[in-house]
Structures are given as C-alpha cells and as structure tokens.
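Student: Sequence:
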Amino acid sequence: MVADTCARCSNGNPNVNYTLCVASPSTSESPGSGGADLHGLALISAMPLRSGLASIASEARVLRDRSAPGSAARSCLEACMAVFRDAAFDLGNAVAAMEAWRYGDAKTAMSAAVDAPVTCEDEFKEQGMTAPAGIKAKSKPLFQQGVISLAIISLL
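Note that the sequence shown covers residues 1 to 156 in the numbering used here.
Take the hints with a grain of salt, since some may be wrong.
[Said to hold, decoys possible] In silico lysine to aspartate or glutamate, DMTMM-like type, Cα no more than 20 Å apart, as pairs: (1) 136 / 122; (2) 138 / 86; (3) 138 / 115; (4) 136 / 126; (5) 125 / 115; (6) 136 / 78; (7) 136 / 115; (8) 140 / 123; (9) 136 / 86; (10) 140 / 122; (11) 138 / 65; (12) 140 / 115; (13) 107 / 86; (14) 138 / 99; (15) 107 / 126; (16) 138 / 123; (17) 107 / 37; (18) 140 / 86; (19) 136 / 65; (20) 138 / 122; (21) 125 / 78.
[To be verified] For each label pair, taking beta carbons as the anchor points, the in silico distance ranges come out as: (22) 38 / 128: 24 to 30 Å; (23) 105 / 127: 29 to 35 Å; (24) 89 / 3: 31 to 37 Å.
No lab work stands behind these hints: they were computed from the structure.
Glycine included, C-beta positions come from ideal geometry on N, C-alpha and C.
All chains, please: the whole structure from these sequences, using the hints.
Tutor: Written out as structure tokens, the structure is:
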C-alpha cells in the first residue's frame with residue numbers, strides 16, 4: 001500500500017520524491033502503516049509534522065533570544081515563531097478534519113501548515129537576509145514531509 005500510494009503521489013505531484021515517500025518513517029515504519037488504508041496513511045503521514053513544527057519553532061525561539069532586541073533578525077525570527085505556531089494550529093485542524101472524513105477541509109488546513117517553512121524563509125529574504133542555517137536545515141525536511149502528507153490527502 002505504501003509503495004503504491006507513494007507512486008500515485010509522485011506521479012500526480014512533481015514535488016513528491018517517490019524514494020523519500022517510501023523511505024519516510026511516517027509511512028513505512030509507523031505501527032500499523034503496513035496494513036493501513038489510504039485514510040490511515042494520510043493520518044500517519046501527518047504525525048511527524050507536529051514534532052517537526054515544534055522543533056523548528058524551538059530553534060527560532062533560541063535564535064531569537066540570542067538576537068539583539070529591535071534587530072531585523074529578531075523581527076524575522078519572531079515572525080517565524082508566529083508562522084510555526086499558526087502552522088501547528090492548522091495541522092491540528094487538518095488531522096481533526098481527516099478524522100472526521102472531511103478531506104477538503106483537511107487539504108486546505110494541511111496546505112497552510114506546509115507553507116510555514118517557506119513563509120519563514122521568505123521573512124528573511126524580504127529583509128535581504130538568509131535564514132539561519134538551523135532553520136534552513138529543518139525547513140527542507142519539514143516541507144518535504146508536508147508535501148507527502150498533502151499529496152496523500154489529495155488522493156482521498
């Protein structure tokens with residue numbers, strides 16, 4: 001089921017890396033993923049996003065606390081923290097919608113959550129800066145997992 005679902009996702013969405021999808025701990029190693037139906041895989045694929053969002057928000061908080069008050073970097077990091085807080089809320093809404101079999105709502109909420117890493121990095125770009133390495137390092141895997149989850153939801 002996982003390989004078939006990942007093939008369908010990567011064929012339908014060029015942003016989904018088939019190899020990463022199949023190898024993703026959320027889809028291949030979670031308890032019950034082997035016997036999960038598409039609905040179950042959608043829920044399982046969303047699980048790592050919660051910890052990923054918490055981790056990147058924590059990174060932003062640490063960096064913000066090290067930044068000079070009133071600096072552009074601090075302002076960007078505060079904006080990122082708000083974006084990740086909102087994304088965690090959106091993720092909760094996406095999971096609740098999936099559990100209630102409201103896939104259109106789940107897709108909308110997951111789309112908002114998936115955009116968080118890009119939105120955070122855009123905050124820095126708008127100020128002529130590059131996002132800190134710690135944020136960038138966590139953004140890409142978080143975005144990729146989000147794309148996988150969104151693609152699976154889109155199949156429902």
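Student: Work down the list of hints and note, for each, if the structure agrees.
Tutor: For each hint, the structure was consulted:
no.: 1; hint: 136 / 122; verdict: holds (11 Å)
no.: 2; hint: 138 / 86; verdict: holds (17 Å)
no.: 3; hint: 138 / 115; verdict: holds (14 Å)
no.: 4; hint: 136 / 126; verdict: holds (16 Å)
no.: 5; hint: 125 / 115; verdict: holds (15 Å)
no.: 6; hint: 136 / 78; verdict: holds (16 Å)
no.: 7; hint: 136 / 115; verdict: holds (14 Å)
no.: 8; hint: 140 / 123; verdict: holds (16 Å)
no.: 9; hint: 136 / 86; verdict: holds (19 Å)
no.: 10; hint: 140 / 122; verdict: holds (13 Å)
no.: 11; hint: 138 / 65; verdict: holds (18 Å)
no.: 12; hint: 140 / 115; verdict: holds (11 Å)
no.: 13; hint: 107 / 86; verdict: holds (16 Å)
no.: 14; hint: 138 / 99; verdict: violated (27 Å)
no.: 15; hint: 107 / 126; verdict: violated (28 Å)
no.: 16; hint: 138 / 123; verdict: holds (16 Å)
no.: 17; hint: 107 / 37; verdict: holds (18 Å)
no.: 18; hint: 140 / 86; verdict: holds (18 Å)
no.: 19; hint: 136 / 65; verdict: holds (18 Å)
no.: 20; hint: 138 / 122; verdict: holds (15 Å)
no.: 21; hint: 125 / 78; verdict: holds (15 Å)
no.: 22; hint: 38 / 128: 24 to 30 Å; verdict: violated (44 Å)
no.: 23; hint: 105 / 127: 29 to 35 Å; verdict: holds (34 Å)
no.: 24; hint: 89 / 3: 31 to 37 Å; verdict: holds (33 Å)
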